[in-house]
Amino acid sequence: MLFKQSLVLLATAVTLAISQSVENIQGYLPAGKNGNTLLVTQGQYPVPNFSKLTQSSNYNPVLYTDENIAKSGWTLDSLSFLKTMQPDTKKTKCINCDSTMRSISTLRYFSGVGTCCGGWCQYPGTYCYYNVACGYWYKCIPSPCKPVIKKPCTTTPKPRTTPCKTTPRTSCKSTPRTSCKTTPRTSSCKTSKTSSKSTSSTRSSTPTSTSRSSSTSSSSSNSYEIIPV
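For reference, each letter of the sequence shown is one residue, going 1 to 229 in UniProt numbering.
Since the hints were derived computationally from the structure, they do not count as laboratory data.
Careful: at least some of the hints might be erroneous.
Calculated cross-link-like contacts (lysine-lysine; reagent style BS3-like; alpha-carbon spacing at most 25 angstroms) [to be verified]: (1) K33 x K83; (2) K90 x K33; (3) K139 x K91.
Simulated restraints, written as ranges between beta carbons of each label pair [said to hold, decoys possible]: (4) V148 x T37: 34 to 44 angstroms; (5) F110 x L29: 14 to 24 angstroms; (6) C97 x T75: 15 to 25 angstroms; (7) C97 x S57: 28 to 38 angstroms; (8) N36 x S57: 39 to 49 angstroms; (9) T37 x I149: 40 to 50 angstroms; (10) G35 x S57: 38 to 48 angstroms; (11) Q86 x V148: 32 to 42 angstroms; (12) T75 x Q55: 27 to 37 angstroms; (13) T75 x C140: 18 to 28 angstroms.
Think of the CB as a built atom: it goes at the ideal place given N, C-alpha and C, for glycine as much as any other residue.
Build the full structure now, drawing on both the sequences and the hints.
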């Protein structure tokens with residue numbers, strides 16, 4: 001039982017320590033105008049941590065300049081205090097602040113953020129101003145506070161040096177095997193056989209004719225033989 005109670009107390013202490021470590025800063029939102037005076041409402045906002053914000057995929061701040069700052073609700077006249085960080089209550093008035101905090105001229109400094117006053121923080125060494133209530137920049141965005149573009153984790157396929165399709169396999173068919181039939185073997189063989197047969201027949205016929213001629217000559221010689229009486 002005591003062990004469980006000690007765990008609960010420890011968890012409560014850790015939660016309180018974490019919640020107290022997060023610093024807040026006063027921010028202001030434009031709420032209209034009263035003559036030449038800009039009316040604003042006050043709120044509490046966490047001190048920006050640009051090292052973490054720049055790594056977030058949701059961090060894509062808008063940059064306002066003198067030409068378009070009116071779209072945000074602020075006026076050039078109401079932001080003239082940024083040069084000295086001393087707001088003029090005649091130009092800007094908080095309508096929901098405590099009676100003891102009608103002025104918005106509280107000046108604070110935060111490491112890595114800069115000097116903050118009237119809901120705006122001037123980044124160290126620059127003339128770039130960050131609005132803590134809406135998360136946009138005025139005049140410029142410092143290089144350390146620009147969104148970090150993360151490269152996609154995709155592998156680039158390596159190109160093949162010898163694509164398979166450049167040399168089609170059908171190239172073997174370009175020289176048809178039927179070309180061998182253009183010179184048929186049977187013709188030469190038959191021709192040689194025929195010639196051999198003719199030669200043999202000639203050879204065989206030659207002695208026969210010779211023998212026949214000899215027999216004829218012999219018969220002729222016999223016909224002229226003189227027989228004595």
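Right, here's what the structure says about each hint:
{"no.": "1", "hint": "K33 x K83", "verdict": "holds, 22 angstroms"}
{"no.": "2", "hint": "K90 x K33", "verdict": "holds, 12 angstroms"}
{"no.": "3", "hint": "K139 x K91", "verdict": "holds, 20 angstroms"}
{"no.": "4", "hint": "V148 x T37: 34 to 44 angstroms", "verdict": "holds, 40 angstroms"}
{"no.": "5", "hint": "F110 x L29: 14 to 24 angstroms", "verdict": "holds, 20 angstroms"}
{"no.": "6", "hint": "C97 x T75: 15 to 25 angstroms", "verdict": "holds, 20 angstroms"}
{"no.": "7", "hint": "C97 x S57: 28 to 38 angstroms", "verdict": "holds, 35 angstroms"}
{"no.": "8", "hint": "N36 x S57: 39 to 49 angstroms", "verdict": "holds, 41 angstroms"}
{"no.": "9", "hint": "T37 x I149: 40 to 50 angstroms", "verdict": "holds, 42 angstroms"}
{"no.": "10", "hint": "G35 x S57: 38 to 48 angstroms", "verdict": "holds, 43 angstroms"}
{"no.": "11", "hint": "Q86 x V148: 32 to 42 angstroms", "verdict": "holds, 35 angstroms"}
{"no.": "12", "hint": "T75 x Q55: 27 to 37 angstroms", "verdict": "holds, 34 angstroms"}
{"no.": "13", "hint": "T75 x C140: 18 to 28 angstroms", "verdict": "holds, 19 angstroms"}
When held up to the earlier numbered hints, the structure conflicts with none and fits them all.
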